[in-house]
Each structure stands twice: as C-alpha cells, then as structure tokens.
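Just need the whole structure built from these sequences, with the hints factored in.
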Amino acid sequence: MQLLRFTDSLSGRLILASMLLLPVFVLSGGVALDRSFAQSQAVAEQESLRTQVYLLLGAAEIFDGALWLPDALQEPRFNQPDSGLYARILDGNLTVWQSPSALATTLPPANDLPLVTGQEYYESLALNGQATKLFSFDVAWDTAQGREKNFRFEVFHEQTAQIAERQSYRRQLWRWLGSLTLLLIVVQYTIQRWGLRPLQSLAQDLQKLHSGENLTLSENYPAEIKPVISNLNQVLVAEREQRDRYRHTLADLAHSLKTPLAVIRSHLESDSLPVELLHDQVGRMDDIIRHQLQRSVSQTSTFAGQAVGVQAVVERLLKALQKVYADKQIQFDCQLPADSRFWGDEGDLMEILGNLLDNACKYCHQRVAVSAGSDELLWLEIGDDGPGIPEQLRQVVLTRGARADTAQVGQGIGLAVVVDILSSYRGSLQISQSALGGAQVRIELPLRQP
Amino acid sequence: MRLLIIEDEPELNKTLCHYLHSGGYVVDSASDGREGLYLASEHPYDLAIIDLGLPKMDGIEVIKALREKRIGYPILILTARDNWQDKVVGLEAGADDYLVKPFHNEELRARVNALIRRSTGHASPVLNFGPVTLDTAAKVVHVDGQALELTSFEYNTLEYLVHHAGKVISKTELTEHLYDQDFDRDSNTIEVFIGRLRKKLDPEGSLKPITTLRGQGYRFNLTQS
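Each protein sequence line maps, in turn, to chains A and B.
So the first sequence is residues 1 to 450, counted in my numbering.
So the second sequence is residues 451 to 675, counted in my numbering.
Simulated from the structure, these hints should not be mistaken for laboratory data.
Here are the simulated distance ranges between beta carbons: (1) A/Ala435 - B/Lys589: 39 to 45 Å; (2) B/Glu623 - A/Gln392: 55 to 61 Å; (3) B/Ser574 - A/His248: 44 to 50 Å.
We put the beta carbon where it would ideally sit given N, CA and C, even for glycine.
If you want it as structure tokens, here you go:
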C-alpha cells in the first residue's frame, strides 16, 4: 500500500527507480575496481620477486663446482632474520644455499617439479601462518670443468604489507563510493524538483482557473507539456463558447416562444380561440423549438473532432432509411472511398447526412446516388431521380421553414439545420441537377490533416 | 387490428388510445417499459407504438427485448428527440419507423396503416381482388366500382381476412385482433358479421369470397390481381 502510494507520484517513481539502480551500479563498480587493484598488485609482486631472483643470479658465482654467494647481499631484507623475504637455492632436492634471513625460519620442502632450464614458477602458500608468495626460477650453470649444472633459485615473500595495503585501499574505495552515492541521490532529488516544477505551477494555474481568477492557462511551459497546455486552452475556450451559445440559445428560445404564447393568451382572454389559429401557433412553437435545439447541438466547435469514417455513417443511415421507406424499394448507388474521413463530431455528420439522405429518399422515385471523395477538401454528393428543385427555388429551400413542396412535412428545417452545421465547420452546400434527373446536393467540408 | 401503445405521458396516452380506437383499432396501452414489454410479449398485436423515454425500462430496451424474443410485428417509435443519431439507434434496435413529437394525428394514422399493410406483404394501400377493391387508407370497399356501406366492425373483419388472404383464420384469432378484451367470446357475433359481409360483398352468391371451414375458421378465397 505504501509502495503503491509512492509510485503514484512521478518523483516517487524516479526516486524509487534510482534507489534500486544506484546500489547495483555502485556495487558492481566497487567490485570491479577492487578486483583490478588486486590484479595489478599481484602482477607487481611477481615482477618484483623476479627482479630479486635476477639480482641473486647476478650475485652468485661457482667456485670449484660449488655455488657461492656473498655474505652480505645487496637486498638488506635477505640479511636480516625474519624480515619476511627469504631466498633458497636448490640442487635437485638439496638446499645448497639459504639467505641469512631464513635462519630462524623453516622453509617448506622443495616441490617435486622437475628442473627445466628457464622454467618460472609462481605460487601462493602459507609460511609461519602468513600468506606468502613463492617465485622460483630454474637455471643451468657451466662449470669450469665444462659441465653443466642445474639449480633452482627460490624467493619467498610474506604478503603482510600487501594485504594491509589492499585493505586500506578497500576502505578508501568504499568510503568514496558511499559518499558519491549520497551526493548523487541529493543531486538527483534536486534535479527532479527542478524538472517537475512546471507541473506544480500547472496545478496552481488550474486552481486559479477554477477559482475564476484566470480564464486560460499561461503558455509559459516547457516544450514537452506545451502542446498539452495549448490543447487544454483550446478545450477551455471551446467549452466557454459552447456555454455562451447554450445560454444564447436558451434566451432566444424563451423569447421567441413568448410571441406565439402571447397570441394564444390574448385570444383566450377575449374568449375567441379559433382552432385554426391554435394550430398555427402550436406549429410555430414546434418549429422554433426544433430549430433552436438543433442549432445549439450543431454548433459544437470543430476543434475536438476525430476522424469519422464517412462510409460507416452513410451505411448506417441507409439501412435505417431503407426500413422507413421500405414501400419505395429505393435503389441506393454508393460510391464511397473507404478512406473518406470527416473531421468533427459523428453526431453532426449524421445530422447532415441524415437530413440530406432523408430528403433524397422522400423525393426520389426509386433511385438515390451517394458519392464522396477528398482532395483539398471532403466532398459528398447526394442525388435522386425525383422532380428536382427548380433553379429559382434553390436559394429559397435553404432558408428556414421554407418548403418547395408543401405536401411534404418537415422539409424546411432539415435543410436549414444542414446549412447551420456546415457553416460551423466552414463547409458549404450547393444544389444542382443530378445525373439521375432530380435534385443533387453537394457539400464540401475542409479537411484537417491528422 | 390490435395495437399496443407504450407511452408514459398520461394525457398523450389517453388521446392516442381514443384517437386510434375511434379509427377502428383495438388498443391496449401501458405507461411504463416493463408493463409494456409484458403486454407486448403476451398478446398477438399487429403493431406497437413505443415512446423512447419510458420509466422503468427504456423504449430501446423494450424493442431490443421484443426482437430478441423473435416477436416480429411492426414497431413505430415516438420520440421527442429530433436527431438522426437517436433515430438510427432506434431503427437499428429493431423499430420499423419513427415519429417525432409533436406530430399530427393523421400522420400517426398514416404511418400505422402503412406499417401494418407492409407487414402483411402489401405494397400499396389499395388492394384489388378481382371485382373487390379494398382501400386500406380510406377504409372503403368497392365491389364492381360500387362503394359498400360497411360498419367499422364489418370493415375490420374483412380487412383482417384480406390481409391474410388464402390462410385459415380461426374465430379466436379474429376475436383477439378485432375486439376488446371484454368481448363475449362465446357469442356468435363473428358468424353474424361474416354472414352480413357475405351478403354485402356477394349478393348473388356467385363470387363466394369467404369460405367457412368447419371447426377451423374462415378463409378469404379471392386472389390479388
């Protein structure tokens, strides 16, 4: 639960991640440094023991077939008992010489390795309970008699100093790495606070927006969240406009309903209410309500639009209309590219096409053609084989409430609504003659690239 | 013809029942979705008129439930919402037509007539059976061009038989579709109406439009021309 709450915040997540990762990095780095130190120490040790062997070789001489070394050697530790550095020369298993330093020390017995000229041997062993390194080197010596004699030179070195050195190195290393880790955590925490500060100010901005102090969010944000902010601002503006529009619509509606109501009331009060007049006024009120309602719904702004597939919407509508106009057995001829998209609200597209297709079905004899396409804009053409709309009437049918054919109900408002919706999308509508013989309506809508 | 109205607004429900009843229909009504669904699944209606905004169960749900039960008589939606999205959703749920409130009563009657006619497989409101012509929109019958004077019950009986021409219709079925629930099922009213219809349609007895099948019912014999 605690962990869950911790991962709920961005900085919590970042800190958790670095707390998990940092020890892994620091530990593996420390281990690698420690290993490489130990390795270079071992190499240096081997090299130094080899040098000691070479120095001994240089000091050794053969007299009368026996090996001789000076009493005092150049390396003082060979002369001082228990110094930790010992040397021994073997002839087979026989010790022929031992450094003065080894007087009080028991060197381990010679190993079984056969003597091979030029062979080096390096190993770790325990001497007097101390970790010790042994370096041996086999040589062949020409005696005065012209014979060849083999010896093995051995140098033992107790590792007390090296071990102490390594321990001190380790202590230093971990102390440094520890402080570095702490420093990193502090630095990272600071960076995080700094990096996430815009989000805090965003929260404050939103608070101000909520309290009504500001109307939009300030645009002073880093590049990563700037798009979010500007989109949010667009939503806010659109939402405010929408609210205003609803308020206006409501006011318009209330005002325009008052007139027919006043007419009816005045007749009621004068005790003469002709049914004809009541019919007229009720029809007028119905028209007003439908018009205002559709206008307020249709005037949703276009910014939040998604791509709506035209084909799917047309197919749904045609299926529905086929039921409604089942008697007419209308033949639909659709040429709709699958990739034709409308950028906006699906309900708006359905309203536009629903009204246009409904009109086409209403007036056609038997055939309705629907086609669409998109180049610089999205266009849709709906034609029928009905009587068509005479040229002088084409403008009239677009105005509210007008009907070219009064026998059909509900025609006028439908087209006016289509024009209203289209204009809110900056689209257009033209009426012409269809190749089928009747009316053809072409609408054009701007494309918004994804 | 027996209709069901599911409408929660009591005034509208009453007006619609009254209007359609006076137009010669037998009308049942329900004021919420659940009651409506019960009636609609229990009785053999010729058409249902369903309001979309209903208490207890939404109109769309009622329609879907009916269609899932494979109940296939036509459904006319009444809706206050005049947008295409709602209309399409209603029609997709299984309704056959819609009417936006407020509407004119004649418009409602025309839609009801058209839907019933369509559901019985007749494309035109005027049905011709040789010398007999039935205008289902005007509810008038002509024989050899002469208009017959029929009472509304007589007309309804004839129309039901004509809509199901060639099929045997039992007395029970006729009763269910043509008369109110309190109709006395044991009476011989149906036989009387059929007798009168025969006389009016075929005074010389040469046409024999309606056959009685003993113990089974009646059949309208003429074929559509």
